Each structure stands twice: as C-alpha cells, then as structure tokens.
Amino acid sequence: MFAYLVRRLFLMLVTLFGISVVIFFLLRIVPGNIVDILFAAAGYVDAADKANLEKELGIDRPLIVQYWHWISGFLRGDFGFSYVSEKPALQEILPRIPITAKLAGLALLFSASIGIPLGVISAVKQGTKLDYALRVVSLSGLSLPSFWLGLLILTASVAMFGQMPIFNPNPKTWLEAFATYAVPAAAVGFRSAALTMRITRSSMLEVLRQDYIRTARAKGASEAAVNYQHALKNAILPVITVIGIEAAFLIGGLIVTETVFNIPGVARFLVEAIRWRDYPIVQNLVMFIAVVVVFANFTVDMLYAVFDPRIRYTD
Amino acid sequence: MRSVWALAAMAALSVLTASTATLAGEPKQGGTLRMYHRDSPANASILEGATYSINIPFMGVFNNLLIYDQHIAQNSPDTLRPDLAESWSWSSDNKKLTFKLRQGVKWHDGKPFTSADVKCSFDLLMGKSQQKLRQNPRKAWYSEVNEITTNGEFEVTFDLKRPQPSLLAMLASGYTPVYPCHVSPADMRTHPIGTGPFKFVEFKANESIKLTRNPDYWKKGLPYLDGIEYTIITNRSTAILAFVAGKFDMTFPTHITIPLLKDIKSQAPNATCVVEPTNVSTNIIVNSTSAPFDNIDIRRAMALALDRKAFVDILFEGQGDIGGTMLPPPQGLWGMPKDRLETIPGYGRDINANREEARKLMQKAGYGPDKRLAVKVSTRNIAEYRDPAVILIDQLKSIYIDGELDVVETANWFPKVARKDYMLGLNLTGNAVDDPDQSFYENYACGSERNYTNYCNKEIEKLFDVQSQETDIAKRRPLVWDIDKKLQEDVARPIIFHARAGTCWHPHVKGVTIMSNSSYNGFRYEDVWLDK
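Each protein sequence line maps, in turn, to chains Y and H. Residue 1 is where the first sequence starts when you use the numbering used here, and the numbers rise one by one after that. Residue 316 is where the second sequence starts when you use the numbering used here, and the numbers rise one by one after that.
Excised from the complex, chain H in its bound form:
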C-alpha cells in the first residue's frame, strides 16, 4: 500500500515538475524591456554616483571582477560569482587577493580588456591615478588596499595592509564596475563604455536612457533582451498609471510604496509585485557637540521615547523592519537577533515603561511638564524624510520635548549638517552592500566623511578592526552584534526602522530577482527575458 502512495506521489511530482517547466518555458531572445525611471540621474558614471538612480540603468553596461548571483535575493559571501575574474584566491596571510582574469573579453568599442583596466579602475577609486573622478564617494572602501599590481595581461593582485574579507563584498557591489583605461572619467559620465551585456545608446536628461544588446558579449547567448529603455518620469502617479496601462513592462525597482502597491494590485491584478527590504535605514542624527544634546541623558531619553513599531505601522502598514545599524534577519546577514535587540534601551516592547524611564532622565536634566525642551527637527524636503520626522516630533512630545519641523532643501542639507547647524536631524542611510565594514567605517568611524554626527569612539573603532579581519563568519557575527548594540546604546545615530518597498512587473517579464538586502547590486538584467 505504501508503495502505491509513493508511486502516486512520484507521479504527481513529475506532473507538477513538468507543468512548472512548461510554465516557466525556455528563455526567448528579443524584445525591449520598457521601464520608467524615477528621476534623471546626474550622469552615467557609476563610480562617481551614490544613488541607485545611476546603478539601475547603467549596471548592465558593465562587468565587475565578481558579482552577486543575480538570481539569489540575499547577497552573501556564498552568492559571490566570478564575472571578469574567472577565479580568485587569498594568500596564506590573507593580505593578498589575486584574481585570474577572463581572456577574450572586449570593451564595447572593440578594444581588449586586460589587467591594466582593472588597475586603472581601482587606482582611480583610490585617487592614485593621473585622471581624477569628479566625485569619489566610495574612496574609503579601499582604505586597506596598499596597491594593485598586474602580473601579465590577465592576473591582478590587491595588496592589503591587513586582512579584510569584506573587500570581496565591496568588489561585488553594483557600485564597483571595471572601467576602461582608454576612456576618460569625463567621457564615462556622458557615454559609458563597458564590457557588459548592454551597450549604451543615449541618455537624454529628463527624457530617456537607452541601452542596446551587446552582440559580442562574452557570455554566449546573452543577453536575451534586444535592449532596455528607461523613460524618465518624475511624477510617481503618472509613472504608475503608465505601468498599469501597459506602457511599461516593469516599475522602477523598489519605487512602489506599500500603500501604492494596493492600488497597483487592484488595477493590474496580473502583475507580479514583490516587497523587499531596501537596506536603507531611517535614523536620527544628533548634534551632540552643543546643548541640549551634548547631555547623554537627553540623548538616551530621546532614544527611549521611540515607538518604532508605530513608525512601521503608520508608514509601511506594518511591513518594515526594526533593527540596529545592520539590516535585521532573516534578509539581513549581520543584524542582531530579536531577543538580543530587545535588550537595548528603547527596543523593549513596553513603550510606556521606556517612556517613563525617559521622562525620569529628562527630569534629571532639568526638564518636565512645566519646562519643556524646544528643539528643531531638521530634515530634507522629501516625503521619505518628512513623514517620519513628523511622527518623531509627535513621539517626542511624550517626554517633554516640543519639536518643530525644519524642512531643508536638498542643496542645503549636507552643508547644514556639515556646519553642525542642527539639533536633531532625520536622515536616511543607504547601504550599498550588507556588510559590517561598509556600514561601520562609513557611518561611525572617526573622521569618516559620512559620519555626519562626528561620533568618535576609539574603543569601538578597535572593535571595527577586529571584526573586519575575522574571516570566519560564525565568529565574526557576534562581534558585529556587540558593536551594533554598543552603537545603539551610545545613541550614536539611533536607528528608527529599515524600510521596505515594492517592485512590480507584468507576467511576460521573466527572470527578474529583487535583492532582499541591497538596493544596489541586482540590475545586470543579462538573463531577463520577455515571454511575448
């Protein structure tokens, strides 16, 4: 009898497998993927950019040395794949990282790709070359790299000051394409040349970006698409209506807010929509150099007053994540587990008890119901910044803090922050890769350009280095948790929540995977195809 059931189960399984295979179908060549773009990027140079508005349209023009698997949503050391490098190896002391490069690869202008191009690209990033990038937002990523040496035309070695396993994560980011030596950074801003599956056709500011299939792509048979066309539509309502009307095959990735997702699903019920974390945290920057927030008690009281769940419920209908600096699990690789997170002051479930404690701290600092603290909460004039700032002001009322919203135009935001011309600021921090080195050194290291609050704790910085050199992930993870906990306890930059956002596409679009712990690394689109 048991064998009969087993046979039936096997038969059912084969039918299911066969039907799934039929449904999925073989990839088809041809067609142009039409997508809207949320804004007009400043230029086409990924190395000079710090927004996914540049990554998304131009990642397909390039290759990296290595890349995250484009069909596994969670980027991790296990999902690193060879790209322009066929393989890589570490020296025994973990201070030399050698890449064997692919042969026979050509740039879109027909010139051959060699190790010189790799050296050029990273010398450019490290500020060591004759030519300079106009902006170099990720120079700090390579602070542990001494130099890059070539060994023949198809081997290159990164010589490190100390072991840094995270370097691989940063090299695999969509922010780290290899540039050709023979094209100037200025030309790369207007007419990028890469080795990737798509060739650049044109970029008309505020209008469109067009890419076409690279027929000489080194991965034979790819890409499937004839091209990709991005129509720049800055008005979100127009863009979404156009998607619903079928003018576009796909929305701009992670551009759909949770409330809008419902509209799309009701108007285009066949569309596939996914919601994933963007690895962008909403946080508070505190000016601890002047009164009143130079007082640690007031900073702690503020952190205790936060009702993070309320933020997530109001802004994301419950679909956001609460965590520390690192994106929380399960999508985040390095985030603290929930039980550990809840031991941090302000993260406990009893909000009333937290606020009672906060009020005591405020009273200790000389404030109370009769003497309230007036503060300005500064933020950028963008909805993603403004909306949580308003909720923050409301929550601070419960601990005798009267906040006033100070909305700042984008052009003035960073100069204002750099001048320390703010008391509290509501800020968003995007992480290019889900990696502790990128997050800790960029946002919390003494003297880092992106450490807006100038938080500087030499003891913690030593811990940054310890975790950074640990090659065993299982051993590294608790170190990262300890650091993250300490950063939250120090109220270095209190994290309120980690955002989630949606992406939709019509059923004929196949092979799209939205990354679940990064918004910057999953847009190569070489094996996306259209079932039309």
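Only chain Y is shown next, with the shape it has when bound in the complex:
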C-alpha cells in the first residue's frame, strides 16, 4: 500500500509539472498580452510606452526565464502580482475560492442527492410511467445549457416574484446565505444530477439482474433492503467515478453560472483573467484547479476501496 501511494504521489507530481508547462506555454501561444489589451482599450499604441510596460511586467524576458520565475515562485508560495489590479495574486484568488467551493459543493450535493435516489427509483420502476417521466427529466437536464437555465430562472423570478436571486455578499442569516448559493447551485447541478441519475439507473439495472439479488429476494429480504443494501452498494462505483469526473468538469459550468448569477467566484474570475491575459492569475489559478482535480481523482480511487472490499491497493 505504501509503495503504491508513493508511486501515485510521484505520478501526481509529474502530471502537475506537465500541466504547469502546458498552462504556461499555451497562454503565451494565445495572441496578444496584457499590454496589447491595455493599449487596445486606450485606442492607441505608443511603441515606447508599450516597451516600458512590458519591461515593468517582465513579459519582455525569454520564455524559459519567465517560466522559471513563475514556477520557482509558485513552489516558494510567491504567486506574484496581478497585472491588472496590481495586487498580490494570492490576495485576489483566495477570497474567491470559498465562494466557488461552496457553490461547487452545493451543486455536487444537489447532483448526488437528486440524481442517485431518482436513478434508483427509475431502475426499480423500470418501464412504468414514473420511469418514463424521470427519464424525460434527466434528458432535459442533459439537454438544457446551464446559462439558459440560469437566465430562465432569473427571468421567471423577476416576472413571478419581482425578486432576483443574484449574489448577496453580506447575507444576514444562514438561510439567506444558503439561498444565495442554492439557486445557482441547482442551475449548474441540474445537468450533473441528470447524468448521475442516468448512470445510477443503468448501473442499478445491471446489478438488479444479478444472481445474488435474486438470492437475496429468495431469502425474504425486503425490497428496500435489496435495492439499497445489496444493489445500490454494488451499483454505486460507476456513479462515484462519474461524480468525481463531474467535480472536475463542474468548473466549466460554474464559469457560466457565476456570470449569469453574478457570483464573484474563481471561475468567472479566471475567464476575466484570461481575457486580460493576466498571466500570474491564470497560471496560479489553473495550477490550483489542477492540484484539486489531481487530488480529487486520487481521493476517488481511494474511495473505490472503501466501497468495494474486493479492491485492494497492493505493492
């Protein structure tokens, strides 16, 4: 087990190094830099001013020097300064992480708490009207883009209640804070819930046809015990895998949802930083996301062993 963990950790470091190289050079391949954008916004280009600014920001240096400067700083915990706000990158990124983390956490919770039970019900009631209705709901979840759903929710709220659930930075009560995140989390989690439901359903259907399920029923176990203790426990593995992958993909959905609901999280911030070619913000933020995803994958792998005793990570 120990050797396996060391091997995995080494692979994770190699992956993160690879990601750092890809992030850094991809950003430089994208045409234009912060200086081009600043001058584009000003509607003129002064060659001397431009050169001075590039020198001041250090983006006139050879790429390899710039990479070393960034990655060595990153390893030391020095994340540099945002080119746009001129504030330390960490100071810009850190306050936004909890906002996105809460939103992502709630979205995943929504996805699992809605998707898994409905998937089980749909499988158990296969071929019934309820099953068809749930499958329509899941299909619509997969088909509706989250930005459209978000806008629809906002428009409906204004039209029906004269209120709008956009971000409130200073909620007065716990309930208000929950409400601030719940609606956007539902908007972004709906697609994920639909996917979870479909995976749960198909996985359950496969398990429900197994011999040991028939045996359990023959032994007189209740339907609930058969479905939830015997079937779901074995059907859950692919669902965990999907939720793990969804956690990584969620950032894409959050970019749109944070924009539509005006939530000042890291996802929207990342898009703005890319638009401005704010290298210190983009590089550090993407590295942070990469670290989270790599560790999330690692955690999911470890969870397999918890849910399936047949899986053992040996040397």
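No wet-lab data here; the hints were simulated from the structure. Computed from a predicted model, the values in this text were never measured in an experiment. One or more hints might be untrue.
Said to hold, decoys possible - One-sided and incomplete, this derived list gives chain Y residues near chain H with beta-carbon spacing under 10 Å:
{"no.": "1", "residue": "Lys87"}
{"no.": "2", "residue": "Ser143"}
{"no.": "3", "residue": "Pro145"}
{"no.": "4", "residue": "Thr155"}
{"no.": "5", "residue": "Val158"}
{"no.": "6", "residue": "Gln163"}
{"no.": "7", "residue": "His230"}
{"no.": "8", "residue": "Phe261"}
{"no.": "9", "residue": "Ala273"}
{"no.": "10", "residue": "Phe307"}
As the list claims (entries may be wrong) - The calculated BS3-like cross-link candidates involving lysine-lysine, where the alpha carbons are at most 30 Å apart (straight line), are:
{"no.": "11", "chain 1": "H", "residue 1": "Lys562", "chain 2": "H", "residue 2": "Lys421"}
{"no.": "12", "chain 1": "H", "residue 1": "Lys426", "chain 2": "H", "residue 2": "Lys415"}
{"no.": "13", "chain 1": "H", "residue 1": "Lys454", "chain 2": "H", "residue 2": "Lys790"}
{"no.": "14", "chain 1": "Y", "residue 1": "Lys55", "chain 2": "H", "residue 2": "Lys731"}
{"no.": "15", "chain 1": "Y", "residue 1": "Lys50", "chain 2": "H", "residue 2": "Lys731"}
{"no.": "16", "chain 1": "H", "residue 1": "Lys691", "chain 2": "H", "residue 2": "Lys675"}
{"no.": "17", "chain 1": "Y", "residue 1": "Lys219", "chain 2": "Y", "residue 2": "Lys102"}
{"no.": "18", "chain 1": "H", "residue 1": "Lys519", "chain 2": "Y", "residue 2": "Lys102"}
{"no.": "19", "chain 1": "H", "residue 1": "Lys691", "chain 2": "Y", "residue 2": "Lys50"}
{"no.": "20", "chain 1": "H", "residue 1": "Lys731", "chain 2": "H", "residue 2": "Lys686"}
{"no.": "21", "chain 1": "Y", "residue 1": "Lys55", "chain 2": "H", "residue 2": "Lys534"}
{"no.": "22", "chain 1": "H", "residue 1": "Lys476", "chain 2": "Y", "residue 2": "Lys50"}
{"no.": "23", "chain 1": "Y", "residue 1": "Lys87", "chain 2": "H", "residue 2": "Lys426"}
{"no.": "24", "chain 1": "H", "residue 1": "Lys343", "chain 2": "H", "residue 2": "Lys562"}
{"no.": "25", "chain 1": "Y", "residue 1": "Lys102", "chain 2": "H", "residue 2": "Lys525"}
{"no.": "26", "chain 1": "Y", "residue 1": "Lys50", "chain 2": "H", "residue 2": "Lys447"}
{"no.": "27", "chain 1": "H", "residue 1": "Lys411", "chain 2": "H", "residue 2": "Lys534"}
{"no.": "28", "chain 1": "H", "residue 1": "Lys534", "chain 2": "H", "residue 2": "Lys519"}
{"no.": "29", "chain 1": "Y", "residue 1": "Lys172", "chain 2": "H", "residue 2": "Lys562"}
Beta carbons are placed, not taken as given, at the ideal position from N, Cα and C, and that holds for glycine.
Using the hints, position chain H against chain Y.
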C-alpha cells in the same frame, strides 16, 4: 374679459408651478445610489484610461479646473463652469490662459490643494514630469501647451504656442481631473485620492466599486448621497433584470440598446428612460496603402454604396444620427446641417442613383458582375462592431464587392490595424468632447497615434490649425463644416452613423442628467439624490 383670461392663466400657471415644485421637492440627504457597472475597468486612474468604464465610477472622486454644467445636457462653451478654478482669463494675444484657484480645498487624505497639484497633473499629461503615466492616451490634447507656470499657491497659467480656445473644452472633460502631486500614478491606479464629492473606498475587480460621501467637500451641503455602489455585472441580461427587480436604482449610463429599452419599459413602466447620442461614430477604416483600396475610385465607390439610413433603421430602430465626423445637430454643436451634408457624395437621399454611380466607378477600376472584388472586412469581436460589419458586407454586394467578415479579438485588433494587416475595417470612434480639435487632430492629423489609416493631407491640416485658432464660434463653425465635408469626400474614414443609447433610472432617483453630445463628462453626481 381679456383681463379675466389673463388672471385665470396666471392662476393656472401658479398652481402648475407650485405643484411642480412640490413634485420635484427639496433634495434629501442620504442613501446610497446603487448602479451596475458593465465591466471591470483595468484600474481607477482616469488619466490613464480611455473608456467611460473608468470615467463613470471615478469622476465623482475628482474635480477638474472647470467642468461642464452637470445639468445641461448639451456640453458647449456656454456651459463651462468653474470647479477647482474660481475663474479664468485669456491674455490679449490668447496665448496665456490663467486660472485663479479655489482656496481651502483639501485632498481626501487631508493635504491642501494648491497650484503645484495643477502643474503636476498637466506636466504628467504632457510627459514632462519625473513620474510617468503607464499609459497616456490624451497627451496630444496638450500639444499646443508650452508650459504651465504657477504664480503663488492659487494661480496657474497655461502658456500656449498659439491660441487654442478648445483647450477649455478639453480641460472640462471628465477625462481631465486634477491629480495630487503627493500620490504616485501607480497608487492612483489602485487607490485614487481626489478633492471630489466622493471618496474612494474599494475596487474589487469583477465585483464592485464603492465610493463614500466626502464630508469635507468644499461645496458645502454636497454631495447629497452617502455613497455610490457599482456592482460589476458583465452579463447585460442579468444586469437589466436586476434593475427591473429593483436591485439597482439606475442602469449603467448609455448601456441600454434601443431594442432592450422596450423590454425595460414594459417590465418597469415607472422607470425614467432617456435616449441620447453617445458621440461615438461607427466608421470604416480603409487601408489605402495597398491594392485594391489604394485606388481612390474604389474608395469613392464604397462610400457611395452606403445606405446609412438602413444601418440606423436596423440597428437603432431609426434612433441614430447620420452625419460627418462631427456629431450632427441639434445635439452636436459642430456637425454639418442636413442640406450641406446631403451635398457630399454618398449622403444623397437617392441610394439607387448613388449605387449606380458607384458601379460605374467600380467598372472603371476593372470590376463588374463577372469580376467581383473579394475583400475581408475586419472588425473587433464585439456586437457593436460585428453587427454593422455584417450590414456593410451586405451593402457592398450591390457594387460588385464580396465581403468576408474577419472577426478579430480585442487584444489583436490594434496590432493588426497598426501593421496595416487589413483591407477594410469597421471601427468605432468615441469623442471625449464635442470639439473639432479633439476630433480632427486625434483622428486625421498626420502622424497621430489614433489616425489608424495614416490619412495625411497637409492642406487639410493647415485648415485644422486655422479653425483651431478661431475664437469666434460663429466664424469657426463654417470652417469646421468645410473640413468635415472635405474629409468625407476624401474617404478618409467614412462615417456610417452616430449611435444613440439609453439610460434608465427608477423614479426615486433625482438630479440625473445624461449628456447629449458626450459620454464622458457627466458623472460627477454630487447633486444626485434619492427621494426615498
């Protein structure tokens, strides 16, 4: 009998006046004006910016030497008001402009304001100081200023190379606040210090900008508001819904397109909405340095093919303006009258006749139905640029030109234009002040950084100088018209239309005036108040 009617009329008038006064009410102190902001500005330094995304939130932090009256929609020489300068005077040869400065004014950090601050600010703008602005987009405005001298702590003189009455217009722009000497340009980008009615509190990128009331403002009793909060919402639909739901008191100024205005009026019927010209022209930049547009006939044919009314009808439901370089009247001070405008090729009402003439020019240049000219129409990847570019491509088809839309990301737009890596470009030009000097020298003078097409006509440039020195507006106006007409005839940068846009606010917001010939000068908000 007549006296009875007169008495009745007087009585009715008094009732109307009294009710109007009651309705308008006395300004109330307090409350925070909540507004959304359309995007996250790069920084908070007005002097380094060239977008009203910076002017609007930060104009209230500062004062100028003089300012346009914030409650008269049309900026003009008659609406210039003293600000940090109590008065100003020209020397007899009109080459020295002296300002008497207000005493007892303090910066937000408590330090006193003096003439040294004025000198510092303009030396910074002219590139003469030790400290440098990171970007200085309006350095050219002060090209006729030799130097600025102080005479004691409360008098300052601008020494000019030649008379330039327009200098006052540029000094009154929202783009020309006075900066403190003791704060570096870098600090002004992140934490601006001014003398204005509102103090800077915080600017969280992509989140919000907060200003609070300056209790020591030199105009006693002002501002009325306790503060202004701008929530940055880049998604226009979300922002407008939030306004309709009452989350904001006011929309971001001139951010509402004409079609969207209808939605707002239907969902928030009590809201006050005004539509005004933005003094932003949509125009075509032509690369006349290489084929095929090095041929003046093809350039003229292109100008003749434009159906400007169609652009205005499609994009603005008829609520746009057709004019030359200068914003057309009645909102524009210097634009050509309609009858004069229609004498310019391509501006005539008979579009079919114009296009027939254009086709003849194209045939003369060797093109026709069997040999069509293929061109790329480059533009920025922003709706305000893309949409008219598509209409332009459609209109050019009628004169044997097949256009292909080439959408360019903002970061690459100016480098591409500077490289002359385009054939035709669709461009937007915003004018900070409704003034010929600002427009002509910035966009058409030989060697100007914003003269993207490198149009250079020394004869016209002499005329720029002649009109620039004319102090009598009545005499200056025809000179400006002649220049504008010549620029259009030269196809220097064909102007398609001048845009209009809407601004809305809820009924409890009082004292807002949207400027009708500039988008950059009317956001001091010191006497805006909330009737709540």
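Going straight from one Cα to the other, do Lys87 (chain Y) and Lys426 (chain H) come out at no more than 30 Å?
26 Å, holds
Does the structure keep Lys454 (chain H) and Lys790 (chain H) at a Cα separation of 30 Å or less?
It holds: about 28 Å lies between the C-alpha atoms, which stays within 30 Å.
Take the C-alpha atoms of Lys50 (chain Y) and Lys731 (chain H), compute the straight-line distance between them, and say whether it is at most 30 Å.
15 Å, holds
Agreement of Lys476 (chain H) and Lys50 (chain Y) with the hint, judged by alpha carbon distance not exceeding 30 Å
29 Å, holds
When you check the alpha-carbon spacing of Lys50 (chain Y) and Lys447 (chain H), does it fall within 30 Å?
The given pair, whose Cα atoms are some 13 Å apart, holds under the 30 Å limit.
Would the hint on Gln163 (chain Y) be counted as holding, given a Cβ-Cβ threshold of 10 Å to chain H?
Result: holds, 6 Å to nearest chain H Cβ.
Please verify whether Lys102 (chain Y) and Lys525 (chain H) have alpha carbons no more than 30 Å apart.
25 Å, holds
Interface hint check: Thr155 (chain Y), Cβ to nearest Cβ on chain H, cutoff 10 Å. Holds or violated?
Given a least distance of 6 Å, the restraint on Thr155 (chain Y) holds.
Is Lys731 (chain H) within 30 Å of Lys686 (chain H), Cα to Cα?
Holds, at about 28 Å.
For the pair we were handed, Lys691 (chain H) and Lys675 (chain H), check the Cα-Cα distance against 30 Å.
Answer holds: Lys691 (chain H) to Lys675 (chain H) is near 22 Å, not above 30 Å.
Was the hint right that Pro145 (chain Y) lines chain H, CB cutoff 10 Å?
Since the shortest Cβ distance to chain H is 14 Å, the answer is violated.
Between Lys55 (chain Y) and Lys731 (chain H), does the CA-CA distance stay at or below 30 Å?
Given pair Lys55 (chain Y), Lys731 (chain H) holds - Cα atoms ~22 Å apart, limit 30 Å.
The earlier numbered hints that this structure contradicts are 2, 3, 7, 10, 11, 17 and 21.
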